[in-house]
Amino acid sequence: MQAAQEQAPSPASASASASASPPPRAHHSQSLAALFSANLRQDRLALTGVVLLTFFLVVGIFAESLAPHGPRERHYDDAGRIRRLEPPSLAHPFGTTDVGRDIFSQVILGTRTALIVGFLAALLVTLVGAVVGIVAGYYGGWPDAVLMRIVDFFYAIPFIPFAIVLAAILQPSIWNIILAVSLLTWRTVARIVRSQVLSIAQRPYIKAARVAGAGHTRIMTRYILPNVLPLVLLEMAFMVNWAIMAEASIAFLGFGDPRLTSWGQILHLNFVSGYWRIAWWWTVPPGLAIILLLLSIFFVARALEAVVDPRLRNR
Amino acid sequence: MDVNRATAAAVIRMENLSKHYPVRQNVRQWLSREHRVVRAVDDLSLTVKRGEILGLAGESGSGKTTTGEMIVRLQEPTSGSISVDGHPLDAASRTDRKRFRREVQMIFQDPYETLNPRFTVYQTVAESLRIHGFRDRGEIARRVLECLEIAELKPATEYLHRFPHELSGGQRQRVAIARAMVLEPKVLIADEPVSMLDVSIRADILNLLKRLRERMGLTMIYISHDLATIKYLCDRIAVMYLGKLVELGPADAVIGQPQHPYTRVLVASVPVADPDYARADIDVDDAPPDQIDLPPGCRFAPRCPYAREACNACDHRLHERRPDQFSACLFTADQWQPR
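Quick note, the sequences are listed as chains V and X, same order. Residue 59 is where the first sequence starts when you use this note's numbering, and the numbers rise one by one after that. Residue 6 is where the second sequence starts when you use this note's numbering, and the numbers rise one by one after that.
Same shape as in the complex, but just chain V (with noise of 0.2 angstroms):
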C-alpha cells in the first residue's frame, strides 16, 4: 500500500500548521467498568454480590493455605477413635463426617472446584458462542443456516444424561465436566450473540466501514466484537453459574471426579451414607456455599446486564 499513499496528494492546504504529531490516546468515556462502579453506588443488591463474590475468589484462590485440614485426612479423639459425625466445633467449625473428616476444609477446597469449572467452562462457552454467533449473524445466508442448524442439533441434547454418558466415555474428571458443559451451551451465547449482531450488522457505520474498504475480518473485529462484548460479558457471567450448578449436581449424582473434592461430591457422599436425615452440618455448609455463590455472580450479572441496558437501570 505505500504507492497509495505516494499518490495521494494533499487534500487542501487548509491547515498546514497543523500539528503533526499523532494524537494522544483517549480513554473510553462510557468504559463498561466506570458504568459499572457508578452503578454500584445505587445498587445494593450489586454491592452485596461483588462483595460476596470477592469473598469466595479469595477464599478458592488461597484455599490450600486456608484449609486447616486435609479433605481425606481421618481426626482421632484422645481415645484414638474416630471423630464420626461430629457436630461443628470449635476445632471442626462444620463438624465433620461419618468417616471423621473435617468439613470446614472440604467446602473450602470445594470452592475451588467450583471456580476453577465456573470460570474456564464459561470462558470456553462464550469464546465459542461469541465466535459463532457473530460469524452467523454477519455473513447471513447458507454459514447462518449451517451454523444455526447445528445450534437446534445442541439444544435438543439433554444435559444431564450427555454429561453421564461423556463421563463414562471418558474419565471421571472436573475437565470432562468442563467439556460437558462447553459442548452443550455455547449453543445459548451463539443464539444470543447472533441476534444482536444481525442488527448491528445493518447499521449505517457498518455501511460506512464497508464503503471505505473494510474487509470482514476488520468489520468483525473492530465494529461488531466491541459492540457485542458487553453482552457477551453479560452471558459469561450467567454461564459461570450455570457451568457450576452443572458441576455441582454432575458432581452429587456420583458421576464427578472422586479424587477431588467438589460440593456436589460431599452433598453425594452425604446422601449415599444416609446419614443426611441427621447431619445437618453435613448438608448445610456445601448446600448454602452453592447458593451464595449463584446468589453472588447472579447480582454481579445483574448489575452487569442494567449497565449493557440502559432501560433496566432504574429497576
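The set of hints was computed from the structure by calculation and includes no laboratory data. All clues given are correct.
With a cut-off of at most 27 angstroms between alpha-carbon atoms, the simulated DSSO-like pairs for lysine-lysine come out as follows:
1. K265/V <-> K54/X
2. K265/V <-> K191/X
3. K215/X <-> K54/X
4. K103/X <-> K265/V
5. K215/X <-> K236/X
Following the hints, position chain X against chain V.
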C-alpha cells in the same frame, strides 16, 4: 434519443442497471416457477457529468437508495453495468476494488447511526486511512485534522477525542463527511444527508456540500425525497418512480415545468422554496403502490390523474420534451387531460 449525450465528461455511467429482490414464496408458487421479485431498480440508464451534482428524487421505495448503494458497491446489481471514470465496476481485481473504494464515497441519512459509537472522531476518520494502508501516525494525524477543518469542524483539535454521543446531529454528519473526504474521492453519494437534521442546520450542510464540489472537484449524487433541498443544491434532477427513471433534466426546469405527471405530483406535494411558485392542485390516489404486482405499462398509471388506455403500452422510454429535459410519459404536458 440519447440521454447520455455528454459521454466524454461522464464520471458515473449506469447502463441498464437493475436490482431485483426475490420475494419469499410458498411451495406452490415455487413449484409453478412463478418467481416473483421486487424490481427495486429496473433498467436504469443514467450518466453523471464531471463536477455535476445530480439529484435523485422519489418517494420511499422508488429505488433511489438502492441505486446509490449499487454505485458504492454495497449491493451488487442483478444486471446492467456501472462504470466510474471509465472503469467498469464488475470484474475488478482486489487492488482495483480497493482503489475504487477511495474514489467513490458515501454519506448516510441517519447521523446517529452513521458513526461507530465506540470510535472517537479521530479514530473514525483515521480508520479510512488505515484501511488504505496508511501507517505513518504523523501523516494520518495531519490528514485527519485537515479533513475535519474542511468539514468545518473548527477547531478540529477540540473534536478529536469526542465520541459520537458527545456530538450534535450536524456535527456527526460533518464527521461522516470528513471520513468520506479523507480518502479524496472523485465521487460522493449523499443519501438523504440532511433529512434527519434540524432545519436550521440543513442549509449549513448543503452549503458545505456545495463548497466541497468547488474545492475538491467532486462529482455528487444527492439522494432525497425533498425537492426543496434538491433544487437548492443540484444541477440536474433524476426522478424515479418504482424503480424506473421517469424524468430527467435541469433542476429548475424539472421543478418549474415538470414533464411527467409524477414529477408534477411530487412538486405539488412538497414545500417548494419559492413562494411565488403557483402550486398545482392535483388529486392523486394516495394508496401506496404495490412493488410486486406492477401494472403492465406505465408504473404510475394506476395513480396518475391523466392515465388513459395508451399508458398500458408505455415502455418508460425517455422522450426529450424540452431542451435537455426528458420524460418517460407518452404525452406532452399540454396533452394531459384529467380522467
